[in-house]
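Colleague: Protein chains in written order, with this note's numbering: chain V, 1 to 112; chain E, 1 to 111.
No lab work stands behind these hints: they were computed from the structure. All of these numbers come straight from a predicted model, not from anything done at the bench. Keep in mind that a hint or two might mislead.
[Claimed, not checked] Using 30 Å as the maximum straight-line C-alpha spacing, the simulated DSS-like pairs for lysine-lysine come out as follows:
no.	chain 1	residue 1	chain 2	residue 2
1	V	27	E	54
2	V	51	V	27
3	V	44	E	54
4	V	71	V	44
5	V	44	V	27
6	V	71	V	51
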Amino acid sequence: NAGVMQNPRHLVRRRGQEARLRCSPMKGHSHVYWYRQLPEEGLKFMVYLQKENIIDESGMPKERFSAEFPKEGPSILRIQQVVRGDSAAYFCASSSLGTDKYFGPGTRLTVT
Amino acid sequence: GIQVEQSPPDLILQEGANSTLRCNFSDSVNNLQWFHQNPWGQLINLFYIPSGTKQNGRLSATTVATERYSLLYISSSQTTDSGVYFCAVGGGTGTASKLTFGTGTRLQVTL
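Here chain V stands alone, though its shape is the one from the complex:
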């Protein structure tokens, strides 16, 4: 049973470009969560999605960030016009209702 998969594992973007991060949940999991970890800090919640629905986006920056979890395919976290402050590790987690959450290996985004 494959775990949570994220790609790419490392992503380098120049300032002003777009970054697309992908997350495939564990088989049977319909809940997806995105978190951001800045260097030497804990994980901060960004957004919680179910298929085709955003359930809680209270941690998402108001501009440039968006997330989706379509009926088919992985969840996507999209960052438009990246800035140096977006450099971080972005983790995706998945769960079934009422169970613990499992995290993927993360995508390390570097903005140059």
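With chain V's structure known, arrange chain E on it following the hints.
Modeller: Below, chain E without anything else, positioned relative to chain V:
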């Protein structure tokens, strides 16, 4: 929102020593998990423990939900236990709600 505090922030142990990590939270929760982030950045699930006591090998955890704290015990520590230990809690309606992470305990186990 829920506040999560972990102590100590840093811990250095010699191999073979035991340790206790603490997690305090500010409100009632319906989900509590302990994670180990290894030096490569990977988050590893240790325990799902909103209440009660669990053991897995050299690790065990206890959550006293009524007093809003959880403890993670590491016995006979090994160098591979090094990394950051996070406590994360979830509250609100339903167990599917988001996790709020503490700032972690950074553990270094030396020979």
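Colleague: For the pair supplied as a hint, residue 51 of chain V and residue 27 of chain V, confirm whether the alpha-carbon distance does not exceed 30 Å.
Modeller: holds (14 Å)
Colleague: For residue 44 of chain V and residue 54 of chain E, compute the direct alpha-carbon distance and say whether it is at most 30 Å.
Modeller: Holds, because 27 Å separates the two Cα atoms, which is no more than 30 Å.
Colleague: Against the 30 Å threshold, does the CA-CA distance of residue 71 of chain V and residue 44 of chain V hold or violate the hint?
Modeller: holds (26 Å)
Colleague: Residue 27 of chain V and residue 54 of chain E: Cα distance at most 30 Å?
Modeller: holds (26 Å)
Colleague: Measure nothing beyond the straight line between the CA atoms of residue 44 of chain V and residue 27 of chain V; if it is 30 Å or shorter, mark the hint as holding.
Modeller: holds (25 Å)
Colleague: Would the pair residue 71 of chain V and residue 51 of chain V pass a check requiring their Cα atoms to be no farther apart than 30 Å?
Modeller: holds (6 Å)
Of the numbered hints given earlier, the model fails none.
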